[in-house]
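As numbered in our numbering, residues 1 to 292 make up the sequence shown, in order.
Some clues are possibly wrong.
[Unchecked claim] Computed list of lysine to any residue pairs in SDA-like fashion (alpha-carbon distance at most 25 Å, straight line):
1. 228 - 290
2. 228 - 129
3. 228 - 167
[Said to hold, decoys possible] Each pair of labels, with its calculated beta carbon distance range:
4. 87 - 288: 35 to 45 Å
5. 144 - 186: 40 to 50 Å
6. 136 - 69: 15 to 25 Å
7. 186 - 118: 32 to 42 Å
8. 39 - 121: 52 to 62 Å
To be clear, the hints were calculated from the coordinates, so they are not data collected in a lab. For clarity, every value in this text was computed on a predicted model and none was experimentally measured. Ideal placement from N, C-alpha and C gives every residue a C-beta, glycine not left out.
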Amino acid sequence: MSDAIGSGPPGLVPGARPGGRPVRDFLAQEGAKGAAIAAISTVVVFGLLVWWVLSSPNWPLVRDRFFNPEDFRLSAPDIVAGFWIDVMMFVIAQIAILVFALLVAVLRSLRGPAFLPVRILAVIYIDFFRGIPLILALLLFGFGIPALQLPGVPSSVMFWGVTTLVLSYSAYTAEVYRAGIESVPESQRSSARSLGLTQWQSLRYAILPQAIRNVVPALLNGLVSLQKDVALVSVLGVREAVRVAEIYTSRTFNYTSFVVAAALFLVISVPLARFADWYTARDRARRQQLVS
């Protein structure tokens with residue numbers, strides 16, 4: 001057993017290096033060295049990038065056009081007020097998307113010849129809204145439907161902007177749900193049916209809980225994307241953050257207002273993205289533990 005792990009020359013304790021230093025101390029030193037190298041390389045790279053930008057002969061002009069403190073102070077209050085409209089549209093749209101997309105996915109997953117018309121309608125809806133660019137759908141629905149002046153149909157451009165977001169994103173999200181439904185083993189469905197559950201009951205109690213848990217990371221990525229795309233509603237004239245920034249820029253010919261709007265979106269999108277990454281890593285680790 002002289003080759004066993006932890007053995008070594010006489011006089012050394014198991015887990016020690018030839019110099020008498022424990023392995024964990026050696027690993028800690030190596031980790032600290034790696035962290036120091038990473039920190040230094042990061043500082044050098046970003047320092048060179050900043051120097052490269054600041055050395056541009058047009059930097060003073062760009063600084064005055066995009067990073068003017070006075071324009072920042074003047075435009076920020078109105079842009080912040082408009083940003084709350086973005087947040088409101090985002091929350092309403094996200095809740096509606098999660099519910100409506102799940103309904104579409106369930107309808108497309110129904111089996112049996114009696115449900116063929118329902119499945120066809122679900123496929124047509126998904127293909128239609130996945131095939132149209134979102135900004136084009138916003139223009140068509142936001143301007144076209146209110147122009148019809150149909151009785152009982154809302155004419156608010158904000159309503160149709162949020163509705164278009166829901167319809168477009170639900171088409172993608174429904175496919176995410178469907179992938180989760182199809183990832184559940186067929187034996188789960190067969191077992192539920194053998195217990196006397198109907199097709200709806202099998203989906204509700206056996207299939208959907210597992211399917212939704214499997215696709216949460218993908219749903220979080222859609223959440224991050226939607227938070228940015230609510231700004232596209234500005235093409236309809238809704239006075240949200242981007243639209244307010246455009247109005248300020250058209251009046252002053254200064255682009256600092258766009259930087260203010262971008263910073264506000266980053267305040268929301270970056271934490272959401274980091275949370276999505278954390279949850280995805282956590283879910284991956286959980287699956288690996290179940291496999292092992």
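* Asked: Checking against the hints above, which ones are violated?
  -> 1, 6, 7
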